[in-house]
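Trainee: Spelled out, the chains give:
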Amino acid sequence: MDFDLTPEEKAFRDEVRAFLDANLPPEGQRDAAFGRDWQRKVREKRWVGFSWPREVGGGGGTIMQQVILKEEMARRKAPPLGTSFMGLAWVGPAIVEYGTPEQKRRFIPDILDGKVQWCTGYSEPDVGSDLASLRCRGVREGDYYVVNGQKIWTSVAMWAQWIILLVRTDFETASKHAGITCLLVPMDSPGITVRPIRNMEGGAIFAEVFFDGVRVPVGNRLGDEGQGWQVTVSALAHERSSIAEVTSLARQLERIKELARGTKRAGRLTSEDPAVRTRIARIDAKIEAMRLNGMRFLTWQLRGEPLGAETSVNKLLRAALEIELGELALEIEGSLGALAKSDPDAPDGGHWQRMALSWPEVVIGGGTPNIQRNIIAERVLGLPKD
Amino acid sequence: MDFGFSEEQELLRAEVRKFLDQNCPLEEVRKLAETPAGFSRHLWERMAELGWVGLTLPDEHGGVGLGWVDLAVVLEETGRTLFPSPLVATVLAATAIDRAGDAAQRARWLPALACGTSIGTVALLEGSDDPDPAGIALAGSSEGSGFALHGEKLFVTDAQNADLFVVAFRAPQGPCLGVIERGAPGVAALPHELMDPTRRAGRLVLDGARIPREALLGSPGAALATTQRLCDCGATAVVAEAVGAAEAALALSVDYAKTRIQFGQPIGRFQGVKHPLAEMVVEVESLRSLLYYAAWLLDRDAPEAPLAVSRAKAFAAECFPRIGIDCIQLHGAIGYTWEYDAQLYLKRAKWTRPAFGDAAYHHERIARLGGL
Chain A
229 MDFDLTPEEK AFRDEVRAFL DANLPPEGQR DAAFGRDWQR KVREKRWVGF
279 SWPREVGGGG GTIMQQVILK EEMARRKAPP LGTSFMGLAW VGPAIVEYGT
329 PEQKRRFIPD ILDGKVQWCT GYSEPDVGSD LASLRCRGVR EGDYYVVNGQ
379 KIWTSVAMWA QWIILLVRTD FETASKHAGI TCLLVPMDSP GITVRPIRNM
429 EGGAIFAEVF FDGVRVPVGN RLGDEGQGWQ VTVSALAHER SSIAEVTSLA
479 RQLERIKELA RGTKRAGRLT SEDPAVRTRI ARIDAKIEAM RLNGMRFLTW
529 QLRGEPLGAE TSVNKLLRAA LEIELGELAL EIEGSLGALA KSDPDAPDGG
579 HWQRMALSWP EVVIGGGTPN IQRNIIAERV LGLPKD
Chain B
-3 MDFGFSEEQE LLRAEVRKFL DQNCPLEEVR KLAETPAGFS RHLWERMAEL
47 GWVGLTLPDE HGGVGLGWVD LAVVLEETGR TLFPSPLVAT VLAATAIDRA
97 GDAAQRARWL PALACGTSIG TVALLEGSDD PDPAGIALAG SSEGSGFALH
147 GEKLFVTDAQ NADLFVVAFR APQGPCLGVI ERGAPGVAAL PHELMDPTRR
197 AGRLVLDGAR IPREALLGSP GAALATTQRL CDCGATAVVA EAVGAAEAAL
247 ALSVDYAKTR IQFGQPIGRF QGVKHPLAEM VVEVESLRSL LYYAAWLLDR
297 DAPEAPLAVS RAKAFAAECF PRIGIDCIQL HGAIGYTWEY DAQLYLKRAK
347 WTRPAFGDAA YHHERIARLG GL
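Each protein sequence line maps, in turn, to chains A and B.
Position 316 (the first sequence) corresponds to 544 in the working numbering; numbering is contiguous.
Position 191 (the second sequence) corresponds to 187 in the working numbering; numbering is contiguous.
These are computed hints drawn from the structure, not numbers from a lab.
Just to be clear, a hint being listed does not mean it is correct.
Claimed, not checked - No farther apart than 20 angstroms at their CA atoms in a straight line, the calculated lysine to aspartate or glutamate pairs in the EDC-like style are these:
1) 346(B) <-> 126(B)
2) 346(B) <-> 210(B)
3) 613(A) <-> 189(B)
4) 613(A) <-> 275(B)
5) 254(B) <-> 614(A)
6) 485(A) <-> 576(A)
7) 343(B) <-> 41(B)
8) 273(A) <-> 300(A)
9) 343(A) <-> 429(A)
10) 613(A) <-> 358(A)
11) 254(B) <-> 552(A)
12) 332(A) <-> 452(A)
13) 273(A) <-> 243(A)
14) 485(A) <-> 360(B)
15) 404(A) <-> 352(A)
16) 485(A) <-> 429(A)
17) 569(A) <-> 429(A)
18) 238(A) <-> 189(B)
Keep in mind the model is a prediction, meaning the values are calculated, not measured.
All chains, full assembly: derive it from the sequences and hints.
Mentor: This is the structure:
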């Protein structure tokens, strides 16, 4: 057991820190020109797609280097590394793993350069947590798949140029997982209609996407026909380290402490209220548990031991924390906690109001807490599937 | 960065587990619980021979020279089987003497503690129920070059079995730690009756008990750091045993959920059963992470150790009692019976909750150390 970094890891951390010192202005002073400049520089450092092999244009970073980079960036609230968000998070990794040489040449550079936004066509109106039951149909006609059906909860569909899409190409397979195929589809294909869905915060980030006789060349199939489930699962598994999330949660907690220090209720600073102190401490311990769990699971990865459903443990902790932090902040605010984020009197620029209405994005997306509990119960504890 | 155990530590774990499974399964624990001493002298001596009592003590005094991460491995296993022994109490007494005692004191007491012929304990807590060194009120009145003590210490682990007590008291110069041996004039250990039958603790009544200068650990008033360290070590030990016990309670519940058939299927198929069990996994794994990190920091005497210990103990004080209750509930009526083992974990949780600071104490310490 040793939590210290090796000399090589320390050297890499120092390199990242030196880069941040030289290139990252304080938060208030980051304009659009800075943003463009930043993206160019981190691309030159090969920190965009840092985990991908160098031969496709990635950085070839080790697991520990990825963790260090993520942590240092999150600590300094640096802008994202690259701007093709889903492209970098899982579309790219899936193409790197399953794509043909031609697909890699065609898609990877645009993802790394942030030229293309991707969206993800997985969920359907009747198919949420039980994703493998999806019914959007892809029928082979010569050199094309003809796609008919509907997707829903597709984040950023209205701005994306491409969609990674799961369709059912075979309705006869014994296992429902076996008949699924993954297609890469331009969003301007004839027959695609996007209808944004307004969320409870008032904005629209996700949308319904309708497919009406959309013709997709067979060359846009990722992996083999019927291999779509593996493609998806392995791609989603790339998003397993929780280091950046932990750093962000810890920062939120510091912000809550500030809020408590600046809020008076019944003549007393909220930061002196034992009930508030207890709740802050409880959240603090939970965030630390999440950080350490992440490092423990990471060690298994580094030792080459298979990771089971352990990441679901941290997903559940994070889900609870995202909600608890927002709720605690609004409680500390008292009556002001009932204001909308747009009200000029909302403390902290309406930050907590926003958080209290936007947590479902991370809590529901990627598997609801109840699905995570099922995963733990069935895969870690070996309880019977229901 | 490596957050895992070495091969030696994995071997140690396997060795302890095998020893306990062979020699002290729960039927045996129940038998020992019925005896006044509450533990087996024979098994205690064998454990000491295997080096587990002196694990963290220096080689030159009969110890093994390992650290708290290694001890946590042992305690996780003794917790898993609810193994009754004065292990934690003895280790803490030895820790106090090792850290605060001079060469003569270490040579005088440590070898017997390390090899198990002498059982030790620490007497810290008083009526104020404040685990903080600031809560020590028992006054030592000067007597010759030493002190005389009049008062009581409470919840002294294994008080009725101990040959040696490290007692915290207050001199005009500040907090002190002194060693009192069993049978000395003015010393009586009266047993508490605990909810957890696998533990022993008692009240130490001091009626003019003397602590001569040669039994005082360090100079008068200089024991603040050691006392704080004892609390942190004690809390870590309690958490380590809680991790093992909570995991055993979880395993018992999972086994039952897989085999108990209702409505034509194992109850473990119902999400109303599955989900609380999944939550237990989240809590046990989180507690385990918090424990290992705290133990690692203790071994390095790191300034962050107290915060890490408080996070672990606060977490344990809340999650283990909850797991104990959920374990009973998931079993239904059978879990409520004397014969079934679920009750033993529930009762252990009642011991764990306040020992070396409850959640309220440690949460406040987290808040303070976190800048509030």
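Trainee: Hint by hint, which ones does the structure fall short of?
Mentor: 2, 3, 7, 9, 11, 16 and 18
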